[in-house]
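Number of protein chains: 4
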Amino acid sequence: MNYWDYIRVEELLKLQGGLEGDESKMTNHEVLFITVHQVYELWFKLALREAISARDLFRKNPVPDVELSAAVRSFKRIATIFEQAVSHFKVVETLTTRDYLDFRDQLIPASGFQSAQVRELEVLLGLEDNRRVPLGKEKSFMEALKGEGGKPSRAFQRVESRLGDKPTLKDAVYEWLARTPIYGGVHSEEGTVEFLRSFLASHKKDAAVRLERAMHVAGTAVEASEVRARYEREMQNAESFLFAEDDPTADADTKRRRRDVRAAVLFLESYRELPRLAWAREVVDSVIEMEQGMILWRQRHARMVERVIGRRVGTGGSAGVDYLDETALKYRIFVDLWGVRALLLRAPILPAVEHEEAYRFRVEDRS
Amino acid sequence: MNYWDYIRVEELLKLQGGLEGDESKMTNHEVLFITVHQVYELWFKLALREAISARDLFRKNPVPDVELSAAVRSFKRIATIFEQAVSHFKVVETLTTRDYLDFRDQLIPASGFQSAQVRELEVLLGLEDNRRVPLGKEKSFMEALKGEGGKPSRAFQRVESRLGDKPTLKDAVYEWLARTPIYGGVHSEEGTVEFLRSFLASHKKDAAVRLERAMHVAGTAVEASEVRARYEREMQNAESFLFAEDDPTADADTKRRRRDVRAAVLFLESYRELPRLAWAREVVDSVIEMEQGMILWRQRHARMVERVIGRRVGTGGSAGVDYLDETALKYRIFVDLWGVRALLLRAPILPAVEHEEAYRFRVEDRS
Amino acid sequence: MNYWDYIRVEELLKLQGGLEGDESKMTNHEVLFITVHQVYELWFKLALREAISARDLFRKNPVPDVELSAAVRSFKRIATIFEQAVSHFKVVETLTTRDYLDFRDQLIPASGFQSAQVRELEVLLGLEDNRRVPLGKEKSFMEALKGEGGKPSRAFQRVESRLGDKPTLKDAVYEWLARTPIYGGVHSEEGTVEFLRSFLASHKKDAAVRLERAMHVAGTAVEASEVRARYEREMQNAESFLFAEDDPTADADTKRRRRDVRAAVLFLESYRELPRLAWAREVVDSVIEMEQGMILWRQRHARMVERVIGRRVGTGGSAGVDYLDETALKYRIFVDLWGVRALLLRAPILPAVEHEEAYRFRVEDRS
Amino acid sequence: MNYWDYIRVEELLKLQGGLEGDESKMTNHEVLFITVHQVYELWFKLALREAISARDLFRKNPVPDVELSAAVRSFKRIATIFEQAVSHFKVVETLTTRDYLDFRDQLIPASGFQSAQVRELEVLLGLEDNRRVPLGKEKSFMEALKGEGGKPSRAFQRVESRLGDKPTLKDAVYEWLARTPIYGGVHSEEGTVEFLRSFLASHKKDAAVRLERAMHVAGTAVEASEVRARYEREMQNAESFLFAEDDPTADADTKRRRRDVRAAVLFLESYRELPRLAWAREVVDSVIEMEQGMILWRQRHARMVERVIGRRVGTGGSAGVDYLDETALKYRIFVDLWGVRALLLRAPILPAVEHEEAYRFRVEDRS
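Chains as they are written, first to last, in this note's numbering: chain G, 32 to 398; chain Y, 32 to 398; chain P, 32 to 398; chain R, 32 to 398.
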């Protein structure tokens, strides 16, 4: 086999015909624009494959531990892909406003918003519909994927079929997390609740110390009472979050699962050195890293658009820069993982792990 | 001279004593934390020097063209510094939440918000007070810089003296921009107004074409009328922005200067190939690049904080992540430069430059 | 037009069939491998287009100065592309050795060495044949591009036709440089020689000062005489390089052209602030930046290969890592530009420019 | 505590006095130069601390597995630091040649080569003396660290005391690796040898297949016999490397330890999914990553120097660019880890692990 057949170079290099369908009539600027988007689509395809692999792994019950490192690698690979995607915007920024305007106006309504794979990735990972930011004239993000005259396009079909592809990565990871054994070799209601109670006791003690320090700094009586109120709110929030009482409309099953997921993440992050927990904790960390990568990509996208064309209406009819900045902050998927992060305590004040021996092992020769 | 004396290595390496004042008792994590902030302060010092040099250059009248490339280099150097600052957050992210919490709680109220040099940079560049986001208990950003018992600290003095160091970089650059000769070898009211009128005529024609295209895509009659309204608003806004009628409360002088600055930027970006305009246009582009670098740094800062400790109250009492995200979008300085960007037209529909010969020259031998 | 038709997403996403020709049977690792190479080929296509545009510009006589900034942008865009290419290796490094070996052995003799576009880029830029590092069994780099049974492949044809596409970028840029007017508005033998003589006088004076300083530091008499010999060699080399006497076998015309190119670069870099020289100097700097980008890409390539599979024989039969490291240092194109860099002097000791007024102008209103 | 006291900002910002000792007389370029080096020294200090922590951990016997993840984090942190150090060169490259020459010549013999901490890091990690590239007039790298008149400087003392600080990181890690239990719960001569024999059998079978494929591609009879010879050499080298017969002058103890280290790395990398091996394997990977980071830093250093001043003699008297490029490739420390990498086989042809159950465990609840 030759390199060029393997990589399918000739076919690949024929796909930059642009608006004219004739490469020789195109400027380098338009070729750049197409190239950047093609590179993104290639990366997104790989990111999707990795997310599917990870999802398929976590839907197993039990998840073979021997495969957890593969999941971590998938998440880290997606993160690395988004890191490259972030720096790609530097290439786009070699376009001046005028270069880009030369062909941009003819693109309407073509828009990066019509990238089916970005939508697929959001759907597969588990972005909830109620978090979506409505976009200009579109009733929904699915409308933007319809072809002329409202006909379902291949892009539409891709996303539609992904909407039916369950469970989402989030659901699969959460199911697995909810089975984490806390305080002993097997998962149990009692172990979980006991751990949460001990943890909240430590959290309270710590908050009291911090409150005292903050009171010391506070100037006036008004300030002092504000500070006190803030700390009390913080303590109540911690408890209601961990016991999943923060959404009273949820049913009992949902609450229990949420509590178990949050307790698991709290446990894994709090006792991160315990060897048996190591890969589970790496899973949590790499999911966070992956999601951070996507947020950074959205924010960098907003900055690139603002730099190249300023705050005009996007080709897809969106509010352009503002829309991108808004989605960056709102399109959160693994909210429970981020939520736990704000509650962690420093090691010296953590309650001791019960049944610690169940989480240890050693590689090295003991003899 | 030896390297170690020149770099003052020994003195430098003694400044990481931390909370204890004794390095041998510190964890590597705390040393990392201090190191990152010291590295930032060193870079900020240099960024300040470069901004001062550029400001001093633009306060000259006339600005010697031979020095414009030096100003561009200063702006690009600041942009490069912020690019490094962005990637530094990756080092901070090698801290786990627990590592950081170990010493973080004792830092209160010490906070990166107390970095005098960041405030100085904002002040020197020309961030306006009414754009500042109020922070927790502080009445003003100056309060946060006071020492214990409200005594003025060295940090406070630094920023205070910078507040008196006029003109700001923005004002100096704007003064110079306002003198740009448009449509001929010298600056004149007539040339400027004539250019703006021609440009707006082209802008209108272009908007009409784009409107037609958008109408073609619009589905319903309601959508169509919304689209039409949007384009009409766009045309009106363009005119009132360029003639600086967007803020009716401004006095005539302020309006005229704003108009001249905006016209100059529009002119430089529209006819960017003309050799005599080249360095002036590079100045505009590099200022944009510099400001983009600072925005990206603030957004990345928010992501790092969220990743390491989640959305808790900052050590300085701020709302943490939300505060950082908000300042990233609100702390804009060169708003006129960004504003013009959204109005630029593609080259083929620009009006011809009058007196084009005044903007040409050639390096190469003609003989 | 829709995004998916414009970007040709569906066709693009069907090109990752790999060895099996069936994507569903492929591992994510192989898809990653193909994707990275496809991304590279897309970027190289754009880099080629930019290099051709720049070459076409410099083959004009005279080169319109209004277009020099376009050339600079082409070079900087190529540099940015290579910068992205460098960081792409991080994605490849998410492959473990074992992942890669799984499909690598079946690729023989397919090899990145068979990338026609990399060869085209080298040829177009002007890499000389005698600098090429011979690769394993191949008699020449052209052999590696032949298909099975030695049939000329499309890859072979690409490079062959590029070999006939003259002038190279280097030759075109050098022709333009050789026409630079030195010491006055037009190019002349006298101006050039006079400048070189004045410059060499300053160079000699500077070397004498540096020699004295070095003698002060030198310990023994032997050291002192070595230091003196080194400085004398340096002075002689500077003169023979600038007057192009370093290759005595060259004919008079070649020598004169070389001298003129080197003198031009020396002049442009020495008086870099002069406005009329600004874009010509930016050309020189951006060519250097572009070539540096390519060297860094080759070195990073070597490091990636070493990390993923160690120092084994490459799929193309090459010596792998060593071969890559060797080409990084040997495949130099713009050697005269690099050569001049080592001779530049600090501003205060440069001879004054004669006819300086010929190189000045001012954008700003003088009135 | 305030930020400015904690970070010691005022003291820090007073250390950029340069050659003059008076900041107000310095150019921004010289401040930049000093700043970059100070930033490097701050990072190197942290890198040293992390390397010491890791070394201290691996000198324990047995190494508590609960701490392996801390070692991995130390290595990754050092790698991240060097990654930042690599991109810092971009800041230096905002210096033009002339900017730098303005103060460079007065620095002689001050040189980055006099950075004690770089030397300390090399020494602590375990760079062997016979790998060092001799530098210009210096008899040894220690000479360069002496003060005027040959007096021992603080820099000299730092490195001297580090030379006595044993074991090196390499030795400590190797001791730990040599105790790895292969083929069962405890380390044994028999398990190790049995594994190596099985592995070499697989390696041989694989080489035979690859040889056949290569023969198929080979053109002439001469080529064919060359290819065959190459594969036979490869097989012999693999065996002599793994059984540490590659250096016949070594004594039996040294050979046995080398064999055990190489066998351990081979084992860990070959069966990387086994949970009990996971952290040990991460140790190996992160050491490789750390060393790669240092090589990339040296190569990037060479490119920066070449770009800023070309190939002149360094301030420290070294051969400049060539010296830096040479050290990048020669200064290898963990050569056994790199060596094993070239021998790994793809998973399907690996021999089965004996006593696999000894390397498994599961986090998740089994019930």
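A couple of the hints might just be wrong.
Chain copies aren't distinguished; within one or between two, either way the pair holds.
As the list claims (entries may be wrong) - BS3-like, lysine-lysine: derived pairs with alpha carbons at most 25 Å apart:
#: 1; residue 1: K76; residue 2: K361
#: 2; residue 1: K286; residue 2: K361
#: 3; residue 1: K177; residue 2: K76
#: 4; residue 1: K56; residue 2: K286
#: 5; residue 1: K91; residue 2: K45
#: 6; residue 1: K197; residue 2: K107
Bear in mind the hints are in silico, worked out from the structure with no lab data behind them. As the structure is a prediction and not an experimental result, all values here were calculated from the model.
Task: Hint numbers not upheld by this structure, sorted from lowest to highest - done: 4 and 5
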